[in-house]
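Using the sequences plus the hints, can you model the full thing?
4 protein chains.
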Amino acid sequence: MSLSTYIAACEKVLIDAGLKTALHSYGTNIEGEWDAVFAAVKRCHELVHEMGAPRITTTIKLGTRTDRDQTMEDKVKSVREKM
Amino acid sequence: MSLSTYIAACEKVLIDAGLKTALHSYGTNIEGEWDAVFAAVKRCHELVHEMGAPRITTTIKLGTRTDRDQTMEDKVKSVREKM
Amino acid sequence: MSLSTYIAACEKVLIDAGLKTALHSYGTNIEGEWDAVFAAVKRCHELVHEMGAPRITTTIKLGTRTDRDQTMEDKVKSVREKM
Amino acid sequence: MSLSTYIAACEKVLIDAGLKTALHSYGTNIEGEWDAVFAAVKRCHELVHEMGAPRITTTIKLGTRTDRDQTMEDKVKSVREKM
Numbered sequence: 001m002s003l004s005t006y007i008a009a010c011e012k013v014l015i016d017a018g019l020k021t022a023l024h025s026y027g028t029n030i031e032g033e034w035d036a037v038f039a040a041v042k043r044c045h046e047l048v049h050e051m052g053a054p055r056i057t058t059t060i061k062l063g064t065r066t067d068r069d070q071t072m073e074d075k076v077k078s079v080r081e082k083m
Numbered sequence: 001m002s003l004s005t006y007i008a009a010c011e012k013v014l015i016d017a018g019l020k021t022a023l024h025s026y027g028t029n030i031e032g033e034w035d036a037v038f039a040a041v042k043r044c045h046e047l048v049h050e051m052g053a054p055r056i057t058t059t060i061k062l063g064t065r066t067d068r069d070q071t072m073e074d075k076v077k078s079v080r081e082k083m
Numbered sequence: 001m002s003l004s005t006y007i008a009a010c011e012k013v014l015i016d017a018g019l020k021t022a023l024h025s026y027g028t029n030i031e032g033e034w035d036a037v038f039a040a041v042k043r044c045h046e047l048v049h050e051m052g053a054p055r056i057t058t059t060i061k062l063g064t065r066t067d068r069d070q071t072m073e074d075k076v077k078s079v080r081e082k083m
Numbered sequence: 001m002s003l004s005t006y007i008a009a010c011e012k013v014l015i016d017a018g019l020k021t022a023l024h025s026y027g028t029n030i031e032g033e034w035d036a037v038f039a040a041v042k043r044c045h046e047l048v049h050e051m052g053a054p055r056i057t058t059t060i061k062l063g064t065r066t067d068r069d070q071t072m073e074d075k076v077k078s079v080r081e082k083m
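Residue numbers (this note's numbering), protein chains in the order written: chain A, 1 to 83; chain B, 1 to 83; chain C, 1 to 83; chain D, 1 to 83.
Source of the hints: derived by calculation from the structure; they are not laboratory data.
Keep in mind that the hints are not guaranteed to be accurate.
Pairs count within a copy or across copies, as identical chains cannot be separated in the list.
With a straight-line Cα cutoff of 25 Å, these simulated DSS-like cross-link-like pairs (lysine-lysine) come out [stated by the list, open to error]:
(1) K75 - K61
(2) K82 - K42
(3) K82 - K12
(4) K77 - K20
(5) K42 - K61
(6) K61 - K77
(7) K20 - K61
(8) K61 - K12
Here the structure is a predicted model, which is why all the values come from computation and not from measurement.
Here is the structure:
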């Protein structure tokens, strides 16, 4: 089974969880509240194990901020305005 | 405030949560069940915000496996035996 | 200075190096040969230091493969076809 | 072939390159100059491909600082003093 089959299954998990996501070439951005995000990531690991993979490694780069609300689109816009 | 002050506070959170941890030079290894680990990581983010940092970025490399139990020590031993 | 100012400067470095890049909400994808990619990433660190930041942390998730050529677009397409 | 066989081979590459390294349970810390470190990491990827793995993913968290010298041991000590 190719990696993309597992990734596609995880994308569905994230979408079914009602999370805002954006698939890119080497990962998926997720925007949401902590508990909802990590419950969905846990479900992804469970599902990929159920699909037959005995070992899974995931890299998560996660950010939280308390100074203001900022969407995924805001982040890209903020960089583009300065280029 | 230096970064090490925040890291020390997080180490205490992880230890108080009863998790098995190992501080190294550029991160901390944590061994435990999913929910316990991520509840503690969430508490770390909350605490560092409470200490005054408005923005936090954390990189987590996480692994799960269903084929067998393997401790943090087992992982290092497994590599050393082959060197 | 906001983080986005540093990121915008790095985007320019990567583009000036002739690399194929794609900015997303929490990082930048880069496609290219090893030496060209890492020379540009090194230049980004040097530049951000020159701009005044004394400490920089970067997370790089990097993949190499020998079985076939695959572009950044191929990777996303491969997942989307299975969703 | 188990993952630890590949990791052991990479440890040897890093040591043969004269780099200061510290294997831990979920990665290896490397201390050194930029060019020496990344030349060795490139050699690791080449070797693991030569050993038969067609696809490799590596996560690197890297830090550079211009304000002062700090060893791997200094970093751990700095945290422990505050605990």
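Given identical chains, is K61 near K12, meaning Cα to Cα at most 25 Å, within a copy, between copies, both, or neither? both (20 Å within a copy, 22 Å between copies)
One pair to classify: K75 and K61, alpha carbons no more than 25 Å apart. Within, between, both, or neither? Cα proximity of K75 and K61: in one copy and across copies (15 Å, 20 Å).
Within a copy, between copies, both or neither: where do K82 and K42 come within 25 Å Cα-Cα? between (37 Å within a copy, 21 Å between copies)
At 25 Å max between alpha carbons, let me know whether K82 reaches K12 within a copy, between copies, both or neither. between (34 Å within a copy, 10 Å between copies)
Can you tell me if K77 and K20 fall within 25 Å by alpha carbon in one copy, between copies, both or neither? Answer is both; intra-copy 17 Å and inter-copy 19 Å each pass.
K61 and K77: within-copy, between-copy, both or neither at 25 Å Cα: both (20 Å within a copy, 23 Å between copies)
Alpha-carbon proximity context of K42 and K61, limit 25 Å: Classified as both; 15 Å inside a copy, 14 Å across copies.
If the cut is 25 Å between Cα atoms, do K20 and K61 qualify within a copy, between copies, both or neither? both (16 Å within a copy, 22 Å between copies)
Violated hints: none; the structure is consistent with every hint.
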